[in-house]
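> Okay, here's what each chain looks like letter by letter:
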Amino acid sequence: MAARLLPLELIDKCIGSRLWIIMKGDKELVGTLRGFDDYVNMVLDDVTEYEVDADGTKRRIQLDQILLNGNNVAMLVPGGSPEDT
Amino acid sequence: MAARLLPLELIDKCIGSRLWIIMKGDKELVGTLRGFDDYVNMVLDDVTEYEVDADGTKRRIQLDQILLNGNNVAMLVPGGSPEDT
Amino acid sequence: MAARLLPLELIDKCIGSRLWIIMKGDKELVGTLRGFDDYVNMVLDDVTEYEVDADGTKRRIQLDQILLNGNNVAMLVPGGSPEDT
Amino acid sequence: MAARLLPLELIDKCIGSRLWIIMKGDKELVGTLRGFDDYVNMVLDDVTEYEVDADGTKRRIQLDQILLNGNNVAMLVPGGSPEDT
Amino acid sequence: MAARLLPLELIDKCIGSRLWIIMKGDKELVGTLRGFDDYVNMVLDDVTEYEVDADGTKRRIQLDQILLNGNNVAMLVPGGSPEDT
Amino acid sequence: MAARLLPLELIDKCIGSRLWIIMKGDKELVGTLRGFDDYVNMVLDDVTEYEVDADGTKRRIQLDQILLNGNNVAMLVPGGSPEDT
Amino acid sequence: MAARLLPLELIDKCIGSRLWIIMKGDKELVGTLRGFDDYVNMVLDDVTEYEVDADGTKRRIQLDQILLNGNNVAMLVPGGSPEDT
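From first to last, the protein sequence lines stand for chains D, B, Y, C, A, U and R. Okay, so the first sequence: first residue is 0 according to numbering that gives the first Met the number 0, each after it adds one. Okay, so the second sequence: first residue is 0 according to numbering that gives the first Met the number 0, each after it adds one. Okay, so the third sequence: first residue is 0 according to numbering that gives the first Met the number 0, each after it adds one. Okay, so the fourth sequence: first residue is 0 according to numbering that gives the first Met the number 0, each after it adds one. Okay, so the fifth sequence: first residue is 0 according to numbering that gives the first Met the number 0, each after it adds one. Okay, so the sixth sequence: first residue is 0 according to numbering that gives the first Met the number 0, each after it adds one. Okay, so the seventh sequence: first residue is 0 according to numbering that gives the first Met the number 0, each after it adds one.
FYI, nobody ran anything at the bench for these hints, they're computed from the structure. Please read these numbers as outputs of a predicted model, since none were measured by experiment. Hints may contain errors.
Unchecked claim - Derived contacts from chain R toward chain U, CB cut-off under 10 angstroms, selection only: (1) 7; (2) 25; (3) 44; (4) 51; (5) 69.
As the list claims (entries may be wrong) - Far from chain D, some chain B residues (derived; all Cβ distances over 12 angstroms): (6) 1; (7) 2; (8) 3; (9) 5; (10) 34; (11) 43; (12) 55; (13) 62; (14) 64; (15) 66; (16) 77; (17) 80; (18) 81; (19) 82.
Quick reminder that beta carbons are idealized off the backbone N, C-alpha and C, glycines included.
Based on the sequences and whatever the hints tell you, model everything.
In structure tokens, the structure reads:
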């Protein structure tokens, strides 16, 4: 059986790697994790933000570095990307 | 009468087993529980995510490993699956 | 006059008994209470979940054992059931 | 001038008496207060629940004993009832 | 310049006086303040509740004494009334 | 470079001055700040409240003194007014 | 690999620099960061506020200095601006 893995341990393992972040609502991002705090607020580099406008068109926005409020994060997928699905 | 079972005790018994997670809203997931914290944030492996789109079509998405924010979890069903109902 | 009864005392008296749980929104459940914590998260056995779909049809789902997030519980009715009303 | 009366003091005076509870949203209840905690979760006996369905019809449901989550309580009216207005 | 006045100091000065309470949403009340706690839950006497129904008709409801949950209070106006505007 | 200025320091500097308060939603107010607490609940004198009704008409309401719940404040603009824009 | 960077460390590095702030909902701002607290409430100078009205028209509002409630901040982009995308 795989060893037990706590949530913050998993995030810590993702430092320096690509992380797919699925927000509550339709917004998704992929970026390289630089740091995080206990509330899962995250510093991310080389970020691609995927937005779906009201009329369904998909937009990609490139951002060098962001601080993301962890409050609206629904799910983290280490190494994943919406482009995989 | 069955012995008393506390919520976190039940989740602890599920480590390494399949767990059906019903979120507030329409989203459901099944995965193998690797770990969790006091807020029921959960690390899950071999995850199938069940989504119902606006027009009612059901989508399944396979994800190797995720960290799920416990904030939006409505219910956990040990060993269950939406495919059972 | 009936003796004073604190909320957590009442729930404690329900351990091992049938409990009707009315959620915020339309969802209701009946199950046997196995355990609970200070946030009224509850472990329930032999659960019947009553759902009303968007078109008004009533669905019953049977679940062996669940952990219910207490956050969305509106009301508990010891020994009651939606089938009584 | 009437003496100062703190919120929890007022509720305490209502133990054993009829209490009209107005929830956020359209739901109202009347019951005999058996106990409460600091979050104004309340144990109530001989409860009448007043609901207004989507099409405006008023329903009354009788419940022997309930535990009401204080989180959604908007207002308490000692000795009052929606039947008075 | 008028002296500094802290929020709880202002409410304390209102004990025994008429207070206009504007809730989030359309509900407003006027009553005599009997007591309050740190969450601005308030005990009010001789209360007039002003409600606007869905079709715009204004209703006044008289209540002898209430406990109002401070959670939904938007604004307090010492000595004021919606009848002034 | 301008010196560092902490949020509560900025509010403290506004005591006795006019303050434009923009709420979540469409409501805005201007008033003279008399006092505040750590939750940015505020005592304001000589208040003008700007409301936009459902049909777009703008209403101004004058209030001598209010206590404003800081919970719904989106933004404070020292010395500003909606009349400036 | 880039060094670890904690969220509050990143914000601290932005003192005196331009910061693009994306709020939950459609509102965005750019301003010079003067100070912040643990809740990411922020004092900003030379602020441009970008709003999209219901009918889609974009409005820019210039404000000398504001205190922004951190509660509704979704994302911070150091040195960025909506004019870049």
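> All hints, please: hold or fail.
Evaluated hints:
{"no.": "1", "hint": "7", "in the structure": "violated, 13 angstroms"}
{"no.": "2", "hint": "25", "in the structure": "violated, 13 angstroms"}
{"no.": "3", "hint": "44", "in the structure": "holds, 7 angstroms"}
{"no.": "4", "hint": "51", "in the structure": "violated, 14 angstroms"}
{"no.": "5", "hint": "69", "in the structure": "holds, 9 angstroms"}
{"no.": "6", "hint": "1", "in the structure": "holds, 26 angstroms"}
{"no.": "7", "hint": "2", "in the structure": "holds, 24 angstroms"}
{"no.": "8", "hint": "3", "in the structure": "holds, 24 angstroms"}
{"no.": "9", "hint": "5", "in the structure": "holds, 19 angstroms"}
{"no.": "10", "hint": "34", "in the structure": "violated, 4 angstroms"}
{"no.": "11", "hint": "43", "in the structure": "violated, 10 angstroms"}
{"no.": "12", "hint": "55", "in the structure": "holds, 16 angstroms"}
{"no.": "13", "hint": "62", "in the structure": "violated, 6 angstroms"}
{"no.": "14", "hint": "64", "in the structure": "violated, 6 angstroms"}
{"no.": "15", "hint": "66", "in the structure": "violated, 4 angstroms"}
{"no.": "16", "hint": "77", "in the structure": "holds, 16 angstroms"}
{"no.": "17", "hint": "80", "in the structure": "holds, 19 angstroms"}
{"no.": "18", "hint": "81", "in the structure": "holds, 17 angstroms"}
{"no.": "19", "hint": "82", "in the structure": "holds, 20 angstroms"}
Violated hints for the displayed structure, listed by number in ascending order: 1, 2, 4, 10, 11, 13, 14 and 15.
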